[in-house]
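Build the full structure now, drawing on both the sequences and the hints.
Residue numbers (the working numbering), protein chains in the order written: chain R, 15 to 106; chain D, 18 to 287.
To be clear, the hints were calculated from the coordinates, so they are not data collected in a lab.
Just so you know, even glycine gets a beta-carbon here, dropped at the ideal spot from N, CA and C.
Do not take every clue at face value.
Some residues of chain R that are not near chain D, with every Cβ distance over 10 Å (derived) [said to hold, decoys possible]:
no., residue
1, S33
2, D35
3, D58
4, N85
5, A92
6, I97
7, R101
Straight-line Cα separation of at most 20 Å, EDC-like style, residue types lysine to aspartate or glutamate; simulated pairs [stated by the list, open to error]:
no., chain 1, residue 1, chain 2, residue 2
8, R, K38, D, E162
9, R, K42, D, D200
10, D, K50, D, D131
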Amino acid sequence: MRSLFQRLSEAIGPSKSQSKDEAKQRLKLLLIHDQVDLPQAQLDRMKAEILEVIAKYCEVEKDDGVEFKLNREDGHVALVSTIPVRRVTARA
Amino acid sequence: MAECIVVTSGKGGVGKTTTSANLAAGLALAGKKVACVDADIGLRNLDVILGLENRIVYDLVQVIEGECRLKQALIRDKRVEGLYLLPAAQTRDKAAVKPEDMKRLVNDLKEDHDFVIIDCPAGIEQGFKNSIAGADRAVIVTTPEVSAIRDADRIIGLVEAHDLPEPHLIINRYRPHMVSRGDMMNKDDILEILAIPLIGMVPDHPDIIVSANRGQPVVFEERSVVGAAYRRITDRVMGIDVPFPSFEADPGLWANLKRWMGLAPAREAV
Numbered sequence: 015m016r017s018l019f020q021r022l023s024e025a026i027g028p029s030k031s032q033s034k035d036e037a038k039q040r041l042k043l044l045l046i047h048d049q050v051d052l053p054q055a056q057l058d059r060m061k062a063e064i065l066e067v068i069a070k071y072c073e074v075e076k077d078d079g080v081e082f083k084l085n086r087e088d089g090h091v092a093l094v095s096t097i098p099v100r101r102v103t104a105r106a
Numbered sequence: 018m019a020e021c022i023v024v025t026s027g028k029g030g031v032g033k034t035t036t037s038a039n040l041a042a043g044l045a046l047a048g049k050k051v052a053c054v055d056a057d058i059g060l061r062n063l064d065v066i067l068g069l070e071n072r073i074v075y076d077l078v079q080v081i082e083g084e085c086r087l088k089q090a091l092i093r094d095k096r097v098e099g100l101y102l103l104p105a106a107q108t109r110d111k112a113a114v115k116p117e118d119m120k121r122l123v124n125d126l127k128e129d130h131d132f133v134i135i136d137c138p139a140g141i142e143q144g145f146k147n148s149i150a151g152a153d154r155a156v157i158v159t160t161p162e163v164s165a166i167r168d169a170d171r172i173i174g175l176v177e178a179h180d181l182p183e184p185h186l187i188i189n190r191y192r193p194h195m196v197s198r199g200d201m202m203n204k205d206d207i208l209e210i211l212a213i214p215l216i217g218m219v220p221d222h223p224d225i226i227v228s229a230n231r232g233q234p235v236v237f238e239e240r241s242v243v244g245a246a247y248r249r250i251t252d253r254v255m256g257i258d259v260p261f262p263s264f265e266a267d268p269g270l271w272a273n274l275k276r277w278m279g280l281a282p283a284r285e286a287v
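The structure is reproduced here in structure tokens:
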């Protein structure tokens, strides 16, 4: 049983959680993510094509260590990729 | 010119069937001739919400398969002039019906009714595709929760992909109390995210459960705030401009104090 003081301070004091703001923030991210969600097959195809383009300029690791994903960051979705480069091959 | 409206949501349990029942009954109260179709094959419930479960003889699948005539399967509601129910089959599954079947059925119903209301099953598969096949427009039901709104967003996209006009939104289970203390998304929060026009707000209220217990749609209850909310929705569906009342009336500091000290019962959501 909460004391009367606790109840009063909860009632009068500033609300500690505005959980609806959290809900809204999560929803916004979720919807962006839902809308840009790529099926794995397409993501793989895009990955292969991007690697092909990069390979024109650099010698890259083709399989091991290549990371490719859609990341949710605060407020937006980013395509994040890590492609280890062995050496730069092309000359201008 | 008859019109077919599909009531849909994506997520289950947000109040599609209750909305369909009350919208159909409300339109009948307003003098329209309405056919209410339960498209949830295998999990029928609209009959129970309308209190017509004991009068089912034939169902939607039997009509489509030609086992009976459409008129034989329609159950006439005796409480109000012009309200008819076409129940879903309980022993079949959604694959028993195809979108073309539904289109034909809806066209037949439109010949003899002013409105056809379709209670769509949850999900985005066969049952959903059947339900929107014959529809002229859609009403999306959601609740102020992350999961329901997310699914509503998905459904809005699918409705628009099927060449239906921009759907309208009903926000169901609204709790003014939680909204005023910042623990529930308010009307504007939801509209900002879903960005479709609002056609109704229904407060979360015990009357809904009582009316479901009795099989008596709450829109029939003259004095119920929820009944009034459904009557406003009915008017808006018929194109009448009705203002949205504010549900967020503050009871005042004194009433709050009394409640917190246990001198008054907890206020219900209006």
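Okay, the hints, checked on the actual structure:
A beta-carbon of chain D is positioned within 10 Å of the beta-carbon of R:S33; the least distance is around 5 Å. The Cβ of R:D35 does not lie farther than 10 Å from every Cβ of chain D; its closest approach is about 7 Å, which violates its non-interface assignment. With a minimum CB-CB distance of about 24 Å to chain D, R:D58 clears the 10 Å threshold, and the non-interface call stands. At roughly 19 Å, the least C-beta separation between R:N85 and chain D is larger than 10 Å, which holds for a residue marked as non-interface.
Distance check for R:A92 against chain D: the nearest CB is about 21 Å away, which clears 10 Å, and the non-interface claim stands. Even its closest Cβ contact with chain D, about 33 Å, leaves R:I97 beyond 10 Å, as expected for a residue assigned away from the interface. For R:R101, the non-interface assignment is confirmed: its Cβ lies about 46 Å from the closest Cβ of chain D, beyond the 10 Å cut-off. Using a Cα cut-off of 20 Å, the hinted pair R:K38 and D:E162 holds, with the two alpha carbons roughly 9 Å apart.
At most 20 Å may separate the alpha-carbon atoms for a hinted pair to count; R:K42 and D:D200 meet this at roughly 17 Å. Only pairs whose Cα atoms come within 20 Å are accepted, and D:K50 paired with D:D131 is accepted, the gap being roughly 5 Å.
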